[in-house]
Amino acid sequence: MLGSNSIERFFIEVGDLSYFTKRFFKEVFSRPFEFKEFLRQCYNIGNRSLLLVGVTAFIIGLVITLQTRPTLQEFGAESWMPSMVSISIIREIGPVIIALTFAGRIASGIGAELGSMRVTEQIDAMEVSGTNPFKYLVITRILATTLMLPILVIIGDAIALYGSYIIENLKGDVSFRLYFNKALNALAFGDLVPATIKTFFFGFAIGLVGCFKGYYCEKGTVGVGLAANSAVVFASMLLFILDFIAVFITDIFFEI
Amino acid sequence: MTNRNDIQKKQSTKGNPIIKIENLMKSFGDNAVLKGFNLELYEGENLVIMGKSGSGKSVMIKCLIGLMEPDSGYIEIMGRDLSRLSRSDLDELRTEVGFLFQGSALYDSMTVRENLEFPLRRHKHKFGIVEDTTPLVEEALKNVGLLDAINLMPAELSGGMKRRIALARTLILKPKIILYDEPTSGLDPITSKEIIELMRNIQKQYKTSSLIITHDVDCARVVAERMILLVDGINYAEGTYNELASAQDKKIKAFFKH
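The listed protein sequences correspond, in order, to chains A and B. Here my numbering is used: position 20 in the first sequence is 20, and no number is missing along the way. Here my numbering is used: position 127 in the second sequence is 127, and no number is missing along the way.
Bear in mind the hints are in silico, worked out from the structure with no lab data behind them. Please read these numbers as outputs of a predicted model, since none were measured by experiment. Check before you lean on any hint, since a few could be wrong.
Not close to chain B: a few residues of chain A, all C-beta gaps over 12 angstroms, as computed [said to hold, decoys possible]:
#1 E8
#2 F75
#3 M126
#4 F204
Computed spacing ranges between beta-carbons, pair by pair [stated by the list, open to error]:
#5 B:K207 / A:P32: 28 to 34 angstroms
#6 A:E218 / B:E197: 45 to 51 angstroms
#7 A:L39 / B:D218: 28 to 34 angstroms
#8 B:K204 / A:E8: 33 to 39 angstroms
#9 B:K207 / A:E8: 49 to 55 angstroms
#10 A:L39 / B:D81: 37 to 43 angstroms
#11 A:E8 / B:K52: 45 to 51 angstroms
#12 B:M153 / A:V247: 31 to 37 angstroms
#13 B:E156 / A:P32: 54 to 60 angstroms
Glycine residues also receive a C-beta, built at the ideal position from the N, C-alpha and C atoms.
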C-alpha cells in the first residue's frame with residue numbers, strides 16, 4: 001500500500017510539473033527566440049533516435065505479421081493481412097511503441113543532460129551570463145521533441161509496414177504494389193489524423209518531463225541518475241494516460 | 001582588529017560603495033543560513049569573505065547575483081536596487097558583474113571558444129556590433145595564458161586550466177566587478193598560487209573590484225585588502241588580514257590555524 005508520504009510527493013510533483021508547463025507556455029511566445037538552438041536540438045533529437053526507431057519499427061512489422069498470419073490462415077483470411085497490419089500500426093502500435101522507445105532514449109538523455117548541467121552549475125552560469133536558461137535549454141528541447149516525434153512516427157510506420165510486407169512477400173508471394181495498395185486503401189481519415197495529432201502530444205509530454213526532471217535535479221550525481229531514470233518512468237506513464245485520452249476522444253468523433 | 005565604526009570612517013573616504021548589502025536574511029526551512037549579513041564593496045577594492053563550509057558564503061554570493069532570492073534585506077549593485085530590477089535590467093547589470101563559479105561551470109558540450117562566445121551572444125552591443133568575436137575571445141584567452149586551448153573541449157582540460165578558462169569567460173564582457181566563489185578550492189597548492197597571481201594581474205589590468213569568497217587562508221593573505229569573517233550567518237569580524245590574523249578571539253583564531 002502506498003504511504004501518505006508517497007501520495008503527497010506525487011501530488012507535489014504533479015503540481016510542480018503544472019507550474020513548469022505554465023512557465024513553458026508563458027515564455028514560448030516571448031522574445032528572444034532561440035531558433036538556432038531549436039534547429040540544433042531538432043537535428044540532435046531526430047538524428048539520435050532515427051536508427052533506434054527504424055530498427056524497432058521494422059521488428060514490430062515483422063513480428064506482428066509473423067504472429068498474426070497463422071490465425072488469419074486458419075480462417076482463410078490471409079488477404080486481410082495488409083489492412084489489418086496497417087490499421088493496427090498506424091492507429092495504435094506505431095505511435096505508442098515508437099513514443100515509448102523515443103521516451104527511453106530522449107527523456108532520459110534530456111534528464112541526465114540538464115541534471116548534470118544543474119549540479120555542475122552550468123545552468124546558473126548561463127543565467128549569470130544574461131541568457132535565460134529556461135528558454136535556451138527547456139523551450140528548445142520541448143519544441144524539438146514535439147516536432148520530431150510525429151516525423152519519426154511517420155517514418156517508423158512506413159518502415160513497420162515494409163517489414164510486414166517482407167514477411168508477406170516471403171510467405172505469401174504478395175507483390176509490393178498489391179501489399180501497399182491494400183494497406184493504404186484500408187486507412188481512413190479517422191485512422192491517420194488522430195493518430196498523428198496524438199504524437200505531437202506524446203512528443204510534448206516526453207520533452208516536458210525530461211526537461212522538468214533534469215532542470216530541477218538535486219542531490220548531486222546521484223540526483224542525475226534519478227532524474228534520468230524517473231524521466232523515463234514518468235514520461236512512459238504519461239504516454240499511456242495521453243493515449244487513453246486520445247483514443248477516448250477519437251472514439252467520440254470518429255466512432256472507431 | 002578594527003571595529004565597525006573605524007572601518008566606516010576609513011570607507012567614507014572611498015566614496016559610494018559599488019556593492020551594498022544590508023541585513024540580508026535567508027533560510028532553508030528551519031535552517032537560517034544568513035541572519036542579517038552586511039557588506040560594502042568599494043571601487044577597485046579586493047574584499048575577501050571567509051567562513052567555514054556551510055556558513056552561508058555561497059548563498060550570500062548567489063543572492064547577490066540574483067540566482068537566489070533572499071528572504072529579506074537590501075542589495076544594491078552600482079547604485080541599483082536588485083529587488084526592483086526587471087529581468088532585462090538584471091541581465092544588463094550582469095554584464096558588469098562577472099562570476100567565477102567554484103567548479104568552473106564550463107559548458108561541457110561546447111569548445112573553449114564556444115564557451116567564451118556564449119556570454120557575447122546577448123551582449124554584443126556592449127562592444128558595438130561584433131560579428132567576428134575571435135579577437136575578443138583570443139584577448140581573453142591570452143590574458144589567462146591559454147590561447148592554445150581555444151579548440152579544446154572542457155573534458156580535455158585540467159582543473160587549473162578549467163578555472164583559467166572560466167576566468168577568461170568571466171572577463172570577456174569586461175566586467176567592473178568580479179565575484180569569485182572559492183577560486184582555489186580543489187586545486188593543488190602550485191595551481192592555487194597561479195590562480196591567485198592571475199586574479200591579482202586581472203585586477204591590475206582590468207581595474208575591477210573583487211569580492212572573493214574563500215576558506216583558503218593563503219589566498220586571503222595574498223589577495224585581501226579587507227576581510228569579513230562570516231560566522232553563523234552574520235559578520236563576525238572585519239579588518240585587514242594582519243588585523244584579523246593577530247586577533248585573540250578564539251573563533252577568529254580558528255580561521256588562521258594551519
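Evaluated hints:
no. : hint                                : in the structure
1   : E8                                  : holds (16 angstroms)
2   : F75                                 : holds (56 angstroms)
3   : M126                                : violated (8 angstroms)
4   : F204                                : holds (24 angstroms)
5   : B:K207 / A:P32: 28 to 34 angstroms  : holds (32 angstroms)
6   : A:E218 / B:E197: 45 to 51 angstroms : violated (36 angstroms)
7   : A:L39 / B:D218: 28 to 34 angstroms  : violated (48 angstroms)
8   : B:K204 / A:E8: 33 to 39 angstroms   : violated (56 angstroms)
9   : B:K207 / A:E8: 49 to 55 angstroms   : holds (54 angstroms)
10  : A:L39 / B:D81: 37 to 43 angstroms   : holds (39 angstroms)
11  : A:E8 / B:K52: 45 to 51 angstroms    : violated (35 angstroms)
12  : B:M153 / A:V247: 31 to 37 angstroms : violated (46 angstroms)
13  : B:E156 / A:P32: 54 to 60 angstroms  : violated (31 angstroms)
Violated hints for the displayed structure, listed by number in ascending order: 3, 6, 7, 8, 11, 12, 13.
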